[in-house]
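> Sequences are here, hints too, so could you generate the full structure?
Protein sequence lines correspond, in order, to chains A and B.
Residues in the first sequence are numbered consecutively from 1, following the numbering used here.
Residues in the second sequence are numbered consecutively from 1001, following the numbering used here.
Derived DSBU-like pairs (lysine-lysine); straight-line CA-CA distance at most 35 Å:
#, chain 1, residue 1, chain 2, residue 2
1, A, Lys-488, A, Lys-590
2, B, Lys-1174, A, Lys-57
3, B, Lys-1090, A, Lys-57
Partial chain B-side listing against chain A, Cβ under 7 Å, derived:
#, residue
4, Trp-1052
5, Gly-1066
6, Leu-1070
7, Asn-1075
8, His-1107
9, Gln-1109
10, Pro-1140
11, Ala-1143
12, Arg-1201
13, Ala-1202
14, Gln-1205
15, Ser-1206
16, Cys-1234
17, Ser-1235
18, Thr-1237
Bear in mind the hints are in silico, worked out from the structure with no lab data behind them.
Positions of the beta carbon are idealized from the N, C-alpha and C atoms, including for glycine.
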Amino acid sequence: MSREIVSATAKDPALRVEAVFRHQQQNIFRQTDRLFAGLMLFQWLACIVAAFWISPKTWTGLSSAVHPHLWAAVIIGGGIVSFPVILAFTRPGTPLTRHAVAVGQMLCSALLIHVTGGRIETHFHVFGSLAFLAFYRDWRVLISGSVVVALDHFLRGLYWPESVYGTVLASQWRWLEHGAWVIFEDVFLIKSCIKGEVEMWEIAERQAQLEASHATVEQNLLVLRESEARKAAILESALDCVITIDHCGRIVEFNPAAEATFGYSRAEVLGQELAEKLIPPTLRYAHRNDFANYLATGHGPGIGRRVEMTSMHASGREFPVELSISVVQLDGPPLFTAYLRDLTDRKRVEAEREELNHQLLETSRRVGMADVATSVLHNVGNVLNSVNVSAGLVISTLRQSPYQDVGRISKLLEEHADDLGSYLRVDPKGRQIPAYLAKLAGHFEEQHLQAGRELQSLDQQIEHIKQIISMQQNVARSRGLREPIVLKEVMEQALSINTAGLGRHQVEVVREYSEVPEVMIDKHQVLQILVNLISNAKHAMNQADGLRRLTLRVGMETSTGVVRLEVQDTGVGIKPEYLTRIFGQGFTTKSDGHGFGLHSGALAAKTMNGTLIAESDGEGCGAIFRLELPLHAVEAIA
Amino acid sequence: MCSSKIYSVLNASEAAAISTRTDYGGHTIGKQPTKQHSNLRLSLKSAANSKWILLMFFWFGGIGSGMFFLMRFENTAGQISPTPSHWPAKSRLDLEFSKPNLVMVVHPQCPCTRASLTELAEILARSQGQVAARVLFCRPVGATKGWEQGSLWDQATAIPGLRVEVDIDGVEAKLFGAVTSGHSFLYSPRGQLLFSGGITRARGQSGQSPARHQISLLISQELAQVETGSVFGCSLTGGDQAIGKW
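If you want it as structure tokens, here you go:
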């Protein structure tokens, strides 16, 4: 409740001042009520004692009875104090209680004056009571008390003037004279009460201000405590060691992670020099030197950056740590906070990883070499097929050469050397020799030309083998040599490499070439892909019955900037389920295949930022392989 | 905690009192009650206050009545018998011929007479030896010797110029016609009665009184006629009503 009031009134300072003022006033009212309750009970008792002491009995000769004053003290006195005392305990702080107390107190004065025989001294009780009533700091109660005094004098002056004023001739306004002395005191007491209220209000204002200030401080303190709690929680839960030292190098903060890392409890190291406890003896001098240097110059090697160094466990074991130090500059000397991490495990893991990487690299290198070897062998193998065919043709040509006929003619001519003229003219055999020689010459010329062509093809194939090897080496070096090429020529070159095979299998070749500008591309990678595709098409059609047609297309799409090289066959086709796996390494449908050609082709296309796509309507429907490459036209590049 | 100190400035009950009371200016602080509740509470409080205020008037009236009876008792004089106009011839007391003679007859135990002796002392002090004063402590029949020597006796003997004597069996009192304690008589040097009556303004009430003033004037011969006054005190010997009514 009190908090609600404080919070409610805190929003309005004037309300809070009012509340504090009323609260203090209530306290004074209640305290004064209690004070008067005790005082009145005491006065009652005193009145009885006084009556008993002064006039205990009334006499008639030798007979005596209780004096009426004693009865009055007991009965009237009890009546006077009972009502205010009951109110003081049941309704403390209320105006009714205060005024009842004021009236009762004045009646007490009157009774005491009567009981003490009208002594002048007892009259001071009236003025003392007024002063006591001023304790309430409520001038209204003084009025109530004064009215009772005035009323007492007025009535007694009216009925028993002699008893009040000592003369029967007193003026009817004499009560005013007596009342005036009370008013005389009242004036100062009322002024004092009003001043007291003003002071109470000022105190309330100061208290409200203090409370507001205190609330602000309290709020700030709360925030600070929360911040401290968060900081402490962070420190407590931090996995890294957090160690703070003062400007003398003494440890002032040592978190649980540091305890676990260094093997010291917090109590053991607080106030101890960091160098002595946590730094190996061999490094202490350097540390102290650096520390002193920082304090002198403001520059230090480990401030504001991560460094690795060696630290020391409580057992004396040295271990590597990563360390960063920040300076906390507050009022007074600076503090240094070190954030520190044990690198023992990390170093071990790094070493293990290094070894693993080394092993992996070696394995990769070996695997790569094997891949390269496979690729080279595959491509070279393809070309070697053509080489084999060309070489076979040359050998066959040479074997079928009628060079023995030249020897036989030469022998006949030697046998008829003496009559060579007549032999050539007359002898039937001799007459056939010139014609035969002419025919033989023609035959040799034809064989020479055919052998020359085959040897030229052989030379090209050997050159291609050389290029394959070179290309693979380039591939191994990650990037090939880009050069301006005409795609139709590359397609034709790939076709020529496979010409012999195609011819043997009676494959019809259809060319659909569009006009495509020269492009900058790695020729041999494209050639390798196309050779593979044509070779695969040849094999596919060899396994199929019916029409054997190989359609080669070269085209481009200007809108997308892509050039297309297509190899379409009428072979066995590709099952739909194979389409997604066909470019995977090791996948093949050929009995003697290795599953490397299309895989390496796809990789090569990717290397050139292109794609290799396979399409087939299914088994027996033939297939289309499309190589799409970015159009890097020579003109554009130039 | 500092905060608890601040907040404990108003504890719960005090805060509740502040939030609900309106009798010190009508300020309601804190949680505002609804208007209906507020009205109901005010009416209940008004009723309670009215009851207490009514009770206060009854109380004041009762106490006033008691005080009235007390004052009536204090201002009711005792009985007075006829006083001889001349100094009683049978009195064993000597008449001083050179100055007025003042005689006061008292009951030794009467508490109201303390005021009479106080007034007597005041008269003697002011007369500066111009009056021969004596006080007779009336010892009733049946009283033991020394019964009269109480606190009043001590008070009387302490007054300068006052002769204190015992009136055994009240013989002198009867001669002077005194039936109430504190009855004083002033006779001229020639034995003529100048004053008869009490010298206090009320029962047991000391302080300025008309009788004291009159005696002072008679002693100084500024007044010549016989004066009388009411006597406030206990009955000297019993039988006569000396105590005033309640």
